[in-house]
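**Student:** Below are the chains, spelled out letter by letter.
There are 2 protein chains.
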Amino acid sequence: MELNPVIETLLNHRSIRKFKDKPLTQDQVRTLVKSAQAAATSSFTQSYSIIGIDDPKIKKQLRAIASDQAYVEHNGYFFVFVADQHRNRAVGEKNGAGTSVLDTTQRMIVALGDACFAAQNMAVAAESMGLGICYIGSIQNDIYKTAEILRLPEYTFPFFGMAVGYPDQNPEKKPRLPFDVVFHQNHYHSELSEESLKRYDQEVERYYQTRTGGTRRETWTGQITRGLSLPYREALRPFFKDQHLGLR
Amino acid sequence: MELNPVIETLLNHRSIRKFKDKPLTQDQVRTLVKSAQAAATSSFTQSYSIIGIDDPKIKKQLRAIASDQAYVEHNGYFFVFVADQHRNRAVGEKNGAGTSVLDTTQRMIVALGDACFAAQNMAVAAESMGLGICYIGSIQNDIYKTAEILRLPEYTFPFFGMAVGYPDQNPEKKPRLPFDVVFHQNHYHSELSEESLKRYDQEVERYYQTRTGGTRRETWTGQITRGLSLPYREALRPFFKDQHLGLR
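Residue numbers (the working numbering), protein chains in the order written: chain A, 2 to 249; chain B, 2 to 249.
These aren't lab readings, by the way, just hints derived from the structure by calculation. Computed from a predicted structure; not experimentally measured. It is possible that some hints are incorrect.
[What the hints assert, rightly or not] The calculated DSS-like cross-link candidates involving lysine-lysine, where the alpha carbons are at most 25 Å apart (straight line), are:
no.: 1; chain 1: A; residue 1: Lys-95; chain 2: A; residue 2: Lys-61
no.: 2; chain 1: B; residue 1: Lys-95; chain 2: B; residue 2: Lys-146
no.: 3; chain 1: A; residue 1: Lys-174; chain 2: B; residue 2: Lys-35
no.: 4; chain 1: A; residue 1: Lys-175; chain 2: B; residue 2: Lys-242
no.: 5; chain 1: B; residue 1: Lys-199; chain 2: B; residue 2: Lys-61
no.: 6; chain 1: A; residue 1: Lys-175; chain 2: A; residue 2: Lys-21
no.: 7; chain 1: A; residue 1: Lys-35; chain 2: B; residue 2: Lys-175
no.: 8; chain 1: A; residue 1: Lys-95; chain 2: B; residue 2: Lys-175
no.: 9; chain 1: A; residue 1: Lys-174; chain 2: A; residue 2: Lys-146
no.: 10; chain 1: B; residue 1: Lys-175; chain 2: B; residue 2: Lys-21
no.: 11; chain 1: A; residue 1: Lys-58; chain 2: A; residue 2: Lys-21
no.: 12; chain 1: A; residue 1: Lys-199; chain 2: B; residue 2: Lys-35
no.: 13; chain 1: A; residue 1: Lys-242; chain 2: B; residue 2: Lys-242
no.: 14; chain 1: A; residue 1: Lys-61; chain 2: A; residue 2: Lys-19
no.: 15; chain 1: A; residue 1: Lys-242; chain 2: A; residue 2: Lys-199
no.: 16; chain 1: A; residue 1: Lys-146; chain 2: A; residue 2: Lys-58
no.: 17; chain 1: B; residue 1: Lys-174; chain 2: A; residue 2: Lys-35
no.: 18; chain 1: B; residue 1: Lys-23; chain 2: B; residue 2: Lys-242
no.: 19; chain 1: A; residue 1: Lys-35; chain 2: B; residue 2: Lys-60
no.: 20; chain 1: B; residue 1: Lys-21; chain 2: B; residue 2: Lys-174
no.: 21; chain 1: B; residue 1: Lys-21; chain 2: A; residue 2: Lys-95
no.: 22; chain 1: A; residue 1: Lys-60; chain 2: A; residue 2: Lys-23
no.: 23; chain 1: B; residue 1: Lys-242; chain 2: B; residue 2: Lys-19
no.: 24; chain 1: A; residue 1: Lys-23; chain 2: A; residue 2: Lys-61
no.: 25; chain 1: B; residue 1: Lys-35; chain 2: B; residue 2: Lys-23
no.: 26; chain 1: B; residue 1: Lys-95; chain 2: A; residue 2: Lys-199
no.: 27; chain 1: A; residue 1: Lys-19; chain 2: A; residue 2: Lys-174
no.: 28; chain 1: B; residue 1: Lys-19; chain 2: B; residue 2: Lys-58
no.: 29; chain 1: B; residue 1: Lys-199; chain 2: B; residue 2: Lys-146
no.: 30; chain 1: A; residue 1: Lys-175; chain 2: B; residue 2: Lys-174
no.: 31; chain 1: B; residue 1: Lys-60; chain 2: B; residue 2: Lys-199
no.: 32; chain 1: B; residue 1: Lys-19; chain 2: B; residue 2: Lys-60
no.: 33; chain 1: A; residue 1: Lys-146; chain 2: A; residue 2: Lys-60
[Said to hold, decoys possible] If the Cβ cut is set under 8 Å, some of the chain B residues that face chain A in the computed set are:
no.: 34; residue: Lys-21
no.: 35; residue: Thr-46
no.: 36; residue: Gly-53
no.: 37; residue: Ile-66
no.: 38; residue: His-87
no.: 39; residue: Ala-91
no.: 40; residue: Asn-96
We put the CB at the ideal spot given by N, CA and C, even for glycine.
Make the full structure from the sequences, and use the hints.
**Tutor:** Rendered as structure tokens:
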């Protein structure tokens with residue numbers, strides 16, 4: 002495998018859930034946002050926004066929504082990535098154009114995608130600067146409340162947060178699915194390789210044993226199966242509808 | 002701004018739409034996929050698949066769907082990123098679990114996000130290796146046909162392709178929206194800065210003038226406005242429904 006500093010950064014990723022009490026500088030925040038903005042964007046629409054949060058009160062509120070995870074409040078900086086068709090709508094309205102296309106499934110996934118490309122670029126940039134990151138999907142736990150706190154207009158969706166900061170832990174790298182399970186040649190192969198999954202389950206089991214000092218015993222397929230019976234975020238569908246996203 | 006080789010790679014991104022006739026090696030493909038896999042994934046579900054396409058017949062078929070863009074057929078390698086809840090479903094069913102949660106909006110956006118994080122990592126890895134990339138959203142133009150060609154099962158969605166290869170062009174970097182238009186402090190600011198947008202429009206106009214030798218005259222707000230009246234992909238919503246994605 003051909004390695005270089007960029008690929009080393011990518012392969013070295015692990016989520017950081019404990020940060021030192023040291024805020025990012027304005028310059029660092031700017032570098033992160035600029036890196037995010039450099040990512041590809043569907044048809045040049047740049048259908049996302051980034052909210053940078055340094056108000057401790059707002060961080061505390063988001064922490065309460067996000068399953069009370071301490072690192073949502075305590076980090077170097079907190080970003081929220083917003084799938085955003087509001088800006089395109091404002092531009093269109095100013096120019097007297099009809100904007101009804103913005104409530105389509107096509108535009109919804111464009112905005113979701115653009116938010117993700119930008120976010121992943123930021124994650125990579127942060128890690129290259131010696132910072133750690135953690136995606137926070139659980140700001141969706143109370144999606145209406147999150148939108149209210151962030152004063153989000155219609156045609157937007159707060160996809161996830163990202164906690165960034167100086168790592169105060171050094172977790173082991175989490176093993177990924179075997180290559181042949183994720184990668185398909187020319188066509189999708191619906192059959193799962195039992196052997197690959199079994200080997201992977203053993204690897205994941207060892208990972209959790211090491212990380213938890215032997216207290217957590219879980220395989221990947223076990224975790225996936227358990228996840229299927231967890232409660233889901235029922236408010237997301239009505240929220241998308243209220244925001245005029247993906248209606249048709 | 003603090004620069005390093007990783008951030009330089011990120012800031013240097015431009016889409017490449019003309020590639021040399023030189024295929025990627027197996028080792029390069031593996032490095033790209035491994036880099037993609039290292040990205041964050043929602044709740045460790047890894048809800049995406051990557052289809053690597055080197056069969057010229059399939060490339061040609063996808064090109065026909067993707068507005069006949071030549072670089073879909075002619076490149077060093079072609080990947081398709083699939084939002085994938087099929088694998089999780091197969092794991093759950095094998096373990097005798099109910100899998101009805103997989104048709105929710107939550108699971109749909111998890112799979113869309115995971116596909117994007119992986120793809121953006123691959124884009125960054127490719128560019129660090131001296132390769133160029135272009136996202137191909139237009140494989141959605143005939144989404145049912147694309148799914149048929151790739152033999153996609155239910156609970157999957159082919160989000161976009163990615164053409165990768167050795168660049169045979171050196172396009173100028175496309176300017177991004179001003180920082181203050183994309184970035185919001187603590188709350189979303191619904192008001193657009195007229196002044197920032199005006200400056201940006203001039204910048205984009207200059208970019209197109211240079212790129213097209215003076216023949217294309219277009220601003221960003223002009224392009225956004227024009228895009229609002231383009232036909233949209235009406236089949237996406239029924240496709241998501243047929244695939245059992247985002248039903249509730």
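**Student:** Against this structure, judge whether each hint is valid.
**Tutor:** Each hint tested on the structure:
no.: 1; hint: Lys-95(A) <-> Lys-61(A); verdict: violated, 37 Å
no.: 2; hint: Lys-95(B) <-> Lys-146(B); verdict: violated, 29 Å
no.: 3; hint: Lys-174(A) <-> Lys-35(B); verdict: holds, 14 Å
no.: 4; hint: Lys-175(A) <-> Lys-242(B); verdict: violated, 33 Å
no.: 5; hint: Lys-199(B) <-> Lys-61(B); verdict: violated, 41 Å
no.: 6; hint: Lys-175(A) <-> Lys-21(A); verdict: holds, 22 Å
no.: 7; hint: Lys-35(A) <-> Lys-175(B); verdict: holds, 13 Å
no.: 8; hint: Lys-95(A) <-> Lys-175(B); verdict: holds, 24 Å
no.: 9; hint: Lys-174(A) <-> Lys-146(A); verdict: violated, 34 Å
no.: 10; hint: Lys-175(B) <-> Lys-21(B); verdict: holds, 22 Å
no.: 11; hint: Lys-58(A) <-> Lys-21(A); verdict: holds, 19 Å
no.: 12; hint: Lys-199(A) <-> Lys-35(B); verdict: holds, 20 Å
no.: 13; hint: Lys-242(A) <-> Lys-242(B); verdict: holds, 16 Å
no.: 14; hint: Lys-61(A) <-> Lys-19(A); verdict: holds, 16 Å
no.: 15; hint: Lys-242(A) <-> Lys-199(A); verdict: violated, 41 Å
no.: 16; hint: Lys-146(A) <-> Lys-58(A); verdict: holds, 14 Å
no.: 17; hint: Lys-174(B) <-> Lys-35(A); verdict: holds, 14 Å
no.: 18; hint: Lys-23(B) <-> Lys-242(B); verdict: violated, 40 Å
no.: 19; hint: Lys-35(A) <-> Lys-60(B); verdict: violated, 34 Å
no.: 20; hint: Lys-21(B) <-> Lys-174(B); verdict: holds, 20 Å
no.: 21; hint: Lys-21(B) <-> Lys-95(A); verdict: violated, 43 Å
no.: 22; hint: Lys-60(A) <-> Lys-23(A); verdict: holds, 15 Å
no.: 23; hint: Lys-242(B) <-> Lys-19(B); verdict: violated, 36 Å
no.: 24; hint: Lys-23(A) <-> Lys-61(A); verdict: holds, 17 Å
no.: 25; hint: Lys-35(B) <-> Lys-23(B); verdict: holds, 21 Å
no.: 26; hint: Lys-95(B) <-> Lys-199(A); verdict: holds, 13 Å
no.: 27; hint: Lys-19(A) <-> Lys-174(A); verdict: holds, 15 Å
no.: 28; hint: Lys-19(B) <-> Lys-58(B); verdict: holds, 19 Å
no.: 29; hint: Lys-199(B) <-> Lys-146(B); verdict: violated, 41 Å
no.: 30; hint: Lys-175(A) <-> Lys-174(B); verdict: violated, 35 Å
no.: 31; hint: Lys-60(B) <-> Lys-199(B); verdict: violated, 41 Å
no.: 32; hint: Lys-19(B) <-> Lys-60(B); verdict: holds, 15 Å
no.: 33; hint: Lys-146(A) <-> Lys-60(A); verdict: holds, 13 Å
no.: 34; hint: Lys-21; verdict: violated, 18 Å
no.: 35; hint: Thr-46; verdict: holds, 6 Å
no.: 36; hint: Gly-53; verdict: holds, 6 Å
no.: 37; hint: Ile-66; verdict: violated, 15 Å
no.: 38; hint: His-87; verdict: holds, 7 Å
no.: 39; hint: Ala-91; verdict: holds, 5 Å
no.: 40; hint: Asn-96; verdict: holds, 4 Å
The structure shown violates the earlier hints numbered 1, 2, 4, 5, 9, 15, 18, 19, 21, 23, 29, 30, 31, 34 and 37.
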